[in-house]
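If you want the building blocks of each chain, they are given just below.
Number of protein chains: 2
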Amino acid sequence: MTRSLLTPLVASLPATVPFIGPEEMERRRGRPYAARLGANESIFGPSPRAVAAMQAAAAETWKYGDSTSHDLRAALAAHLGTVPAHVLVGEGIDGLLGLLVRLTVGPGDTVVTSAGAYPTFNYHVTGFGGEIATVPYRDDREDPQALIDKAREVGAKLVYLANPDNPMGTWHDAATVQAMIEAVPEGCLLVLDEAYVEFAPEGAATAIVPEDPRVIRFRTFSKAYGLAGARVGYAVAEASLIAAFDRIRNHFGMARISQAGALAALRDQAHLAWVRAEVAAARDRIAAIGRDNGLSAMPSATNFVTLDCGADGAFARRVMEQLDARDVFIRKPFVAPQDRCIRISAGPAAELDSLAAALPGALAAAGRG
Amino acid sequence: MTRSLLTPLVASLPATVPFIGPEEMERRRGRPYAARLGANESIFGPSPRAVAAMQAAAAETWKYGDSTSHDLRAALAAHLGTVPAHVLVGEGIDGLLGLLVRLTVGPGDTVVTSAGAYPTFNYHVTGFGGEIATVPYRDDREDPQALIDKAREVGAKLVYLANPDNPMGTWHDAATVQAMIEAVPEGCLLVLDEAYVEFAPEGAATAIVPEDPRVIRFRTFSKAYGLAGARVGYAVAEASLIAAFDRIRNHFGMARISQAGALAALRDQAHLAWVRAEVAAARDRIAAIGRDNGLSAMPSATNFVTLDCGADGAFARRVMEQLDARDVFIRKPFVAPQDRCIRISAGPAAELDSLAAALPGALAAAGRG
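Protein sequence lines, in the order shown, are assigned to chains G and V. Following full-length UniProt numbering, the numbering of the first sequence begins with 1 at its first residue and continues without gaps. Following full-length UniProt numbering, the numbering of the second sequence begins with 1 at its first residue and continues without gaps.
Treat the hints as calculated values from the structure; they're not laboratory data. The reader is advised that the hints may include incorrect statements.
[As the list claims (entries may be wrong)] To list a few chain G residues with every Cβ distance to chain V over 12 Å, as calculated:
no., residue
1, A57
2, T61
3, K63
4, H70
5, A78
6, G95
7, D109
8, A260
9, A314
10, A336
[To be verified] Partial chain V-side listing against chain G, Cβ under 10 Å, derived:
no., residue
11, E23
12, E41
13, V51
14, V83
15, G98
16, N122
17, R141
18, T176
19, A183
20, G187
21, S258
22, Q259
23, Q269
24, L272
25, R276
26, D308
[Claimed, not checked] Ranges of calculated distance between the beta carbons of each label pair, as one might list FRET restraints:
no., chain 1, residue 1, chain 2, residue 2, range
27, V, E60, G, H79, 52 to 58 Å
28, G, H79, V, P18, 27 to 33 Å
29, G, F334, V, R49, 49 to 55 Å
Note that the Cβ used here is the ideal one computed from N, Cα and C, for glycine as well.
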C-alpha cells in the first residue's frame with residue numbers, strides 16, 4: 001500500500017483490536033472451549049419465537065432490510081412509551097457508539113470515561129481523533145460525580161457511563177444517575193450505556209425522558225434478548241439528535257433477518273422474564289463457586305459476575321489463562337485495581353459445572369498460596 | 001440538541017438520504033407493490049442451501065459472529081485463488097465503501113467518479129469531508145480514460161469505477177479495465193465496484209492480482225447470490241490495505257446468520273449458474289417489453305435493464321411515477337443525459353407480467369405523444 005493513501009489520522013492509529021473473539025481464540029489454542037463464559041452472551045438463547053421469526057425471514061433475505069427499521073422502531077417506541085422519532089435502530093451498540101462519536105468528536109475534542117470501562121467506546125474515540133480523559137472507579141463502581149467534574153474540567157463533548165457497569169457488574173440507582181443527567185455540563189452529552197439494564201433490579205433504571213437533550217441512551221438485543229449475533233441495538237434521545245444520525249449512517253446496513261428476530265424477541269416478554277430468572281440463579285451459582293474457592297463476588301446487576309481474586313492483576317491474569325487451559329473461556333478487567341478480578345458470564349448448569357470443575361485447579365496452577 | 005454538539009463537518013452535511021427504500025415508499029403510498037423491480041435485488045432468491053444454513057444458525061444467534069469472518073474469508077480466498085490476508089468481509093459494499101473512504105479521505109482530499117454513478121459512494125465521501133470531481137458518461141458507459149485523466153488532474157485519492165455499471169448496466173472488457181489499473185496515478189487508488197460481476201459475460205472481469213496496490217475490488221452477496229438482506233460484501237486488495245481496515249472497522253459488526261448464509265451460498269455455484277440463466281432470460285424479456293412499447297434497451301451485464309424512454313429526464317420521471325401508481329417499483333438514473341432512462345431489475349415471470357401490463361398505460365399517462 002502506498003503509505004500516503006491513508007489519512008494522517010488513520011496512519012497514526014494503532015493496529016490494536018478491542019477484543020479477540022472466542023472463535024479466534026479457539027483457532028489459536030487449537031481446540032474448542034467447553035464453556036463460553038467470556039463474552040456476556042446469553043447462553044440461555046433467544047426467544048423461540050425470535051428463532052422462528054428469523055427462520056421464516058430467511059427465504060426473504062433477497063430483499064434489503066427496511067432502511068428505517070420502521071416496524072421495530074415503532075414497537076420499541078411503544079414499549080418505551082415514546083414515539084419513533086426518539087428511537088434509532090442500528091447494528092448493535094458498538095456500531096451506534098461509532099456513529100455517535102463520528103457525529104460529535106473530532107481532533108481536538110475530548111471525551112470522559114472511567115479508566116477500565118468499555119474499550120470499544122475508546123476505540124471509536126481514538127479512531128475519530130478524539131482525546132480520552134479518565135477518572136478512576138470508586139469502590140469498584142463508576143463514579144458519576146468524578147465523571148461530571150472531569151467533563152466540566154476538560155470541556156468534554158461526551159461523558160460515558162455504563163449503568164449497570166461492564167466489566168464490574170455494579171450499578172447506581174436511578175436517583176444517582178438522574179442527578180448525573182441534571183449535572184451534565186452545557187455542550188456535553190451523557191452517553192448512557194444500558195446494555196445490561198434488563199438484568200438490573202427495580203429502581204436502577206432512570207425514567208426515560210426522550211426529549212432531554214443531555215443524554216443519549218443505548219440498549220441492545222445482544223444481552224437479555226439473546227441476539228448478540230443478530231447485531232441489533234438502539235438509541236433513545238432527543239429527536240434532532242436521532243435525526244442527525246441519518247446524515248452519516250449506513251442506511252441499508254441492518255440485516256433483514258435481524259430486524260425480524262428483534263421484533264419477535266421484543267414481543268416475547270415472557271421469555272425475557274424467564275432469562276432474567278435463569279440469570280439471577282446463575283449469578284448466585286457463580287458467586288457460590290467463587291466462595292467455595294475463596295473468591296468474593298461483586299454484587300451484579302448484569303448477566304455476569306465479577307470475582308475478586310484477592311491479589312494483583314498478574315495473578316488474576318494467570319487464573320484466566322489457567323481456566324483457558326481447562327477449556328473455560330472468561331475475560332477480566334484490564335485496569336488496576338479492577339484487574340485483580342475475573343469476569344464470568346451467566347450460563348446454564350452444564351457451563352457452570354465446567355467452571356466449578358476447572359476453578360480449583362486453575363487457582364492452584366496460577367500460584368495462589 | 002445543543003447545536004454545538006455536532007462536529008463542524010457533520011453540521012454542514014445535508015439531511016439527504018441516497019435512497020428511499022421500497023418499504024418506506026410503500027408506507028408513503030399506502031399500499032404494497034405488485035412488482036419490486038427497483039432495487040436490483042435477486043427476486044430469484046438465495047440458494048436453498050443458504051436458506052437452510054441461515055435457519056440452522058438462527059438458534060445460535062445468542063453468540064456474536066466471528067469477528068474475523070474466518071471461514072467465509074478462507075472460502076472466498078480459495079474461490080478467488082488467493083489467501084485470506086487479501087480478503088476483507090464487511091456489512092455489504094455500502095459499509096465497506098464507507099470504511100474505505102474513512103481510511104483515505106478527509107477534508108481537502110478529492111475523489112473522482114462519474115456524474116450519475118453510485119450515489120452511496122458520494123454520500124460517504126461527502127460525509128468524511130472529501131470533495132467529489134466528476135466526469136460525464138460517454139455513450140452511456142463510464143469513461144475510464146476520462147476518469148484517470150481527471151484523477152491525475154485533481155490529485156485524487158480515489159477513483160471509482162463500477163464494472164459492470166449501475167445504473168446503466170453497461171460494461172467494459174477486461175483489457176480496458178486492466179489498462180485503467182495500469183494508468184492509476186501514484187498516490188491514488190482505483191475503487192473497482194464489481195457488485196454485478198457475476199452477471200457479466202466472459203471476459204468482462206479483470207484477473208485478480210491481489211498484490212496490486214493500485215486497485216481495491218468490491219464484491220457482494222447482495223446481487224447474484226440473493227442475500228441483499230444479509231449484508232455481506234467483501235473487498236480484495238493488497239494485504240496492508242486490507243489490514244488497515246482493522247484499525248477502524250466495527251470488529252463484531254457481522255451478523256452470525258449472514259456469515260453462515262454467505263458461506264453456504266458461495267458453496268452452491270450451481271444455484272448461481274441457475275440465477276445467471278434466469279437473469280439472462282429476464283433481461284431479454286425486459287428488453288422485449290421495452291421494444292413492444294417503443295423503448296430501446298441498453299446492453300446489460302447486470303441483473304437489470306436500463307430502458308431509454310427516448311425523451312428527457314422529466315418524461316422518464318413521469319414514466320417511473322406512473323409505473324409506481326400501477327404498483328410497479330422501479331428506479332431511474334438521475335443525471336442527464338442518462339436520466340432519460342428507467343432502470344428495471346430482472347425478476348420472475350409474474351413480476352415482469354406486471355411490468356408488461358403496466359408499461360403501456362404508464363407511458364400514455366406520462367404524456368408520450
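Going through the hints against the structure:
With a least CB separation of 8 Å from chain V, A57/G falls inside the 12 Å interface cut-off, contrary to its annotation. Annotated as non-interface, T61/G brings its C-beta within 12 Å of a C-beta of chain V; the closest such distance is 4 Å. Consistency note on K63/G: stated as away from chain V, yet its beta-carbon is not over 12 Å from all of that chain's, at 5 Å minimum. Not every beta carbon of chain V lies more than 12 Å from that of H70/G, the smallest distance being close to 7 Å; the non-interface claim is violated.
Its beta-carbon lying about 17 Å from the closest one in chain V, A78/G satisfies the requirement of being farther than 12 Å from that chain. Under the 12 Å C-beta cut-off, the non-interface status given to G95/G relative to chain V is violated; the minimum distance is some 5 Å. Listed as a non-interface residue, D109/G fails to keep its Cβ farther than 12 Å from every Cβ of chain V; the least gap is roughly 8 Å. Not every CB of chain V is more than 12 Å from the CB of A260/G (nearest about 9 Å), against its label as outside the interface.
Every Cβ of chain V is farther than 12 Å from the Cβ of A314/G; the closest lies at roughly 27 Å, confirming the non-interface assignment. For A336/G, the non-interface assignment is confirmed: its Cβ lies about 25 Å from the closest Cβ of chain V, beyond the 12 Å cut-off. Interface restraint check for E23/V: the shortest CB-CB distance to chain G comes to about 4 Å, inside 10 Å, so the restraint holds. Interface restraint check for E41/V: the shortest CB-CB distance to chain G comes to about 5 Å, inside 10 Å, so the restraint holds.
Using the Cβ-Cβ criterion of 10 Å, the hint placing V51/V at the interface with chain G is satisfied: the shortest such distance is roughly 5 Å. For V83/V, the interface hint is violated, since its Cβ never comes within 10 Å of a Cβ in chain G; the closest pair sits about 16 Å apart. Because the beta carbon of G98/V sits about 6 Å from the nearest beta carbon in chain G, less than 10 Å, this interface hint is met. For N122/V, the suggested interface contact is broken, since its CB lies about 13 Å from the closest CB of chain G, more than 10 Å.
With a least beta-carbon distance of about 26 Å to chain G, the hint placing R141/V at the interface is violated under the 10 Å criterion. Interface restraint check: T176/V against chain G, minimum CB-CB distance 24 Å, threshold 10 Å, status violated. A cut of 10 Å between beta carbons decides the hint on A183/V: the least distance to chain G is about 15 Å, and the hint is violated. For G187/V, the interface hint holds, since its Cβ comes within 10 Å of a Cβ in chain G; the closest pair sits about 5 Å apart.
Given hint, S258/V at the interface with chain G, holds; its Cβ is 6 Å from that chain's nearest Cβ, closer than 10 Å. At its closest, the beta carbon of Q259/V sits 9 Å from a beta carbon of chain G; the interface hint therefore holds under the 10 Å criterion. Nearest Cβ of chain G to the Cβ of Q269/V: about 18 Å, over the 10 Å cut. The hint is violated. Restraint check, L272/V versus chain G: the minimum CB separation of about 13 Å is more than 10 Å; hint violated.
Taking 10 Å as the C-beta contact cut-off toward chain G, the hint placing R276/V at the interface is violated, the least distance being around 15 Å. Proximity of D308/V to chain G is violated relative to the hint, the smallest CB-CB distance being about 27 Å (cut-off 10 Å). Taking the beta carbon of each, E60/V and H79/G are about 26 Å apart, not inside 52 to 58 Å as hinted. The beta-carbon spacing between H79/G and P18/V, approximately 30 Å, falls within the hinted interval of 27 to 33 Å.
Distance hint check: the CB atoms of F334/G and R49/V are about 42 Å apart, inconsistent with the given range 49 to 55 Å.
Checked against the numbered hints above, the structure violates hints 1, 2, 3, 4, 6, 7, 8, 14, 16, 17, 18, 19, 23, 24, 25, 26, 27, 29; every other hint is satisfied.
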